[in-house]
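> As a plain string of letters, each chain reads:
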Amino acid sequence: MRAVVYKGPFKVGIEQVPDPKIEHPNDAIIKITSTCICGSDLHMYEGRTVAQPGLRFGHEPMGIIEEVGSAVTTLRKGDRVVAPFNVAWGFCKNCERGLTGYCLTVNPGFAGGAYGFVAMGPFPGGQAEYLRIPYADFNALKLPQGIEYEDDFVLLADIFPTGYHGTELAQVSPGESVVVFGAGPVGAMAAYSAMLRKSISWTTYRIA
Amino acid sequence: MDHIPDRLNKVKAIGAIPIDYSKGDPVEQIKSLRHGDGVDKGIDVVGYQATQPGTGTEDPSYVLNALIQAVNATGRLGIIGLYVPTDPGAKDPHAAHGELMIPYGKLWEKGLSMGTGQCNVKRYNRYLRDLIIEGRAKPSFIVSNKVSLDNAPMAYDKFDKRIDGYTKVILKP
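Sequences listed follow chains V and Y, in order.
In the numbering used here, each residue's number is its place in the first sequence (first place is 1) plus 1.
In the numbering used here, each residue's number is its place in the second sequence (first place is 1) plus 1043.
Hints should not be assumed to be uniformly reliable.
[Unchecked claim] When the alpha-carbon atoms are kept at most 20 Å apart in a straight line, the in silico EDC-like pairs for lysine to aspartate or glutamate are as follows: (1) Lys199(V) - Glu1177(Y); (2) Lys1215(Y) - Glu130(V); (3) Lys12(V) - Asp1130(Y); (4) Lys1181(Y) - Glu151(V).
[Said to hold, decoys possible] DEER-style ranges, computed between Cβ atoms: (5) Trp1151(Y) - Ile148(V): 45 to 55 Å; (6) Tyr1147(Y) - Lys199(V): 24 to 34 Å; (7) Lys8(V) - Gly1079(Y): 26 to 36 Å; (8) Lys8(V) - Ser1191(Y): 37 to 47 Å; (9) Pro175(V) - Glu1152(Y): 39 to 49 Å; (10) Leu197(V) - His1078(Y): 44 to 54 Å; (11) Glu24(V) - Thr1117(Y): 48 to 58 Å; (12) Gln172(V) - Asp1207(Y): 13 to 23 Å; (13) Asp1200(Y) - Pro175(V): 53 to 63 Å; (14) Thr106(V) - His1078(Y): 25 to 35 Å.
By construction, these hints were calculated from the structure, which means they are not laboratory data.
Everything numeric in this text was worked out from a predicted model, so none of it was measured.
Think of the CB as a built atom: it goes at the ideal place given N, C-alpha and C, for glycine as much as any other residue.
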């Protein structure tokens, strides 16, 4: 299959790589229908992380289930799903409390895993034709069948929840004033989420 | 840079009040809009590759400093902008190890608190999905381009340079 591969600062290529396979009974393979480029990919793309050439980028994937492992119980071939950028096993003390970005078992010696990201574990990126979703019952979110809301649902992999997370970390309540520094895609999602939480007088600001 | 009006216009379209840093100190602008007051809450979406307004000099603690000034005493900061423990391109030896200079004394004096770190997507995605299905949220307003997977190198280049309106790109395999 084809995949986006980091080649060094300011350089990515499209390369032929092996198709993903079921490696664990709770894995699923999806055929990707939409997959975004994230601003956080640019930190790696610009050579501003310790990411090494060869890393396959992409952590905002959605698609259709192509194959499921024998232990997958809630998903079947043909289901439409979006995968959180976090890869989490679901049974450590952080996952149990909903803090799946800090899973303690997915990436030994580190808290948290993700697809296609430096230091976040051995999970190839989702800017590709296919992707293996580990512990798929836990890590795939089922969506209505069809093609409706495709451009909205793909943003559930990262930036819509991430923007919302900013309002959660800041504990935004109705009626409060909120300033958002950064008016790129995640900044816009944070501002939008602040509005969903009925804050007022909030402002936003783009820093180059 | 002409991409800035694009971005500010997008957030204006959803009801935010845009602040253009090129028109003056952002903290002063916020306080002016608030008739001298600061704000209750502040969110940093920029992270460690922030630059100072005007000079364009990279300053990884710029947004944290600005938020400590802009948020009112006892307010709260949400820091989702990415910060790294190792920055190979840092301009000074401290920043290379993720060590940033912030006015911690002022933060403490104001009783500010701070939440940090990456998102736990599963905590929200089911509910945000249902807001989309019910027509209560339409986040796709931010999507600017859809291109084939094979065009990813071009899309990375344009998105990195913030040119030709490249804001949020969906790749189609």
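> Hints the structure violates: just list their numbers, smallest first.
7, 8, 9, 10, 12, 13 and 14
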